[in-house]
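Please put together the full structure from these sequences, using the hints given.
Going left to right, the sequence shown walks through residues 473 to 696 as the working numbering numbers them.
If you're looking for bench data, these hints aren't it; they were derived computationally from the structure. There may be inaccurate statements among the hints.
Claimed, not checked - Pair by pair, the computed Cβ-Cβ distance ranges are: (1) M627 x R525: 38 to 48 angstroms; (2) E589 x G528: 39 to 49 angstroms; (3) V514 x E589: 40 to 50 angstroms; (4) E586 x G528: 48 to 58 angstroms.
What the hints assert, rightly or not - Listed below are the simulated EDC-like cross-link pairs for lysine to aspartate or glutamate, each with C-alpha atoms no more than 16 angstroms apart in a straight line: (5) K603 x E589; (6) K493 x E618; (7) K531 x D553; (8) K493 x E556; (9) K531 x D480; (10) K650 x D687; (11) K603 x E618; (12) K594 x D653; (13) K594 x E618; (14) K603 x E586; (15) K493 x D553; (16) K650 x E618; (17) K603 x E619.
Note that the structure is a prediction, hence the values are computed from the model and not measured. Built from N, CA and C at the ideal position, the CB exists for glycine as well.
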Amino acid sequence: MTDATPPDLIVVVQTHYADPKAGPLWLSRLGQLLGDGRAALVEQSGSLAEAVRAVGPDKLDLISEVGNIGRVAVVTPAARDRVEKQLSGQATGESAAFNALPTPLQIAFCLRTEPGEVVAVKTSAPVRYEKLAQGVQPPTGLLIIEERYRSPGVMLQTATKEDLERLWRNFLAWADHKGLDADLIQKRQKPANALERLMAAQSADVVERLNLPGDIVALLLRHA
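Structure representation (structure tokens):
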């Protein structure tokens, strides 16, 4: 570990795994926990992953989720075995995990688009998605879901277990790419307003055809 490496890097990881019930500490989540210290590490090492590697495997290491090399957890030597078991077991629950996401977010990952369109999503309440013209800056609070993370045309009502597993892995990879806490997003299941409840009750093909007037949207947003 170099002198410029904040000791917080090791302390944060050790503190996380001090809880015997703790799940994997994802690299993106570590970046959030480091706060301003993350920028210094990235400037020094080129990326947070390289900063972890520079510490040395005797203190910290990186392991990839089973079947998803883009999803990386940071571990201590003591926590490595249990985290590897957790990651192996997680693969069997991927379809249920995707179904537990807020419905508008599920739809955003499989919604069909026209050429030149992209999909952006708001992950904080009220969770919603929006189609935008390619190159247009998304409204504040919305993040674009790059096409490599989406599976346009998958029907949620008839999706196979394999479809849902792929959608879940795509979601996790996208969340990591955006530096989001996937576990926190998954907990936002209860629709926050009438608009979100309306969207959640529709199938993806119906949602694609919905075109609500602005005054109706505003009215639904105001009603919990």
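Open item on the list: Would the hint linking K594 and D653 be met if the CA-CA limit is 16 angstroms?
Closed with: 13 angstroms, holds
Task: Range hint 39 to 49 angstroms (beta carbons of E589 and G528) holds or violated - done: Roughly 46 angstroms apart at Cβ, these two residues keep to the hinted range, so it holds.
Open item on the list: Run the distance test for K603 versus E589: straight-line Cα separation, threshold 16 angstroms.
Closed with: 6 angstroms, holds
TODO: Would you mind confirming whether the straight-line C-alpha gap from K531 to D553 stays at or under 16 angstroms?
DONE: 14 angstroms, holds
TODO: Mind checking the alpha carbons of K594 and E618 for me, to see if they're no more than 16 angstroms apart?
DONE: Within the cut-off at roughly 14 angstroms; holds.
TODO: Given the hint that K493 pairs with E556, test it: the Cα-Cα distance must not exceed 16 angstroms.
DONE: Between K493 and E556 the Cα gap is close to 14 angstroms, so the pair holds against 16 angstroms.
Task: Hinted pair K493 and E618, Cα distance within 16 angstroms - done: 33 angstroms, violated
Task: Pair hint outcome, K650 versus D687 [Cα-Cα no greater than 16 angstroms] - done: At roughly 32 angstroms apart (the allowed maximum being 16 angstroms), D687 and K650 break the hint.
Task: Cβ separation of V514 and E589, checked against the hinted range 40 to 50 angstroms - done: 32 angstroms, violated
- [ ] Quickly compare the C-alpha distance for K603 and E619 to 16 angstroms and report which way the hint goes.
- [x] 12 angstroms, holds
TODO: Mind checking the alpha carbons of K603 and E586 for me, to see if they're no more than 16 angstroms apart?
DONE: 9 angstroms, holds
TODO: Could you grab the alpha-carbon distance between K650 and E618 and see if it respects the 16 angstroms cut-off?
DONE: 10 angstroms, holds
Going down the numbered hints, you'll see the structure goes against 3, 6 and 10, while the others check out.
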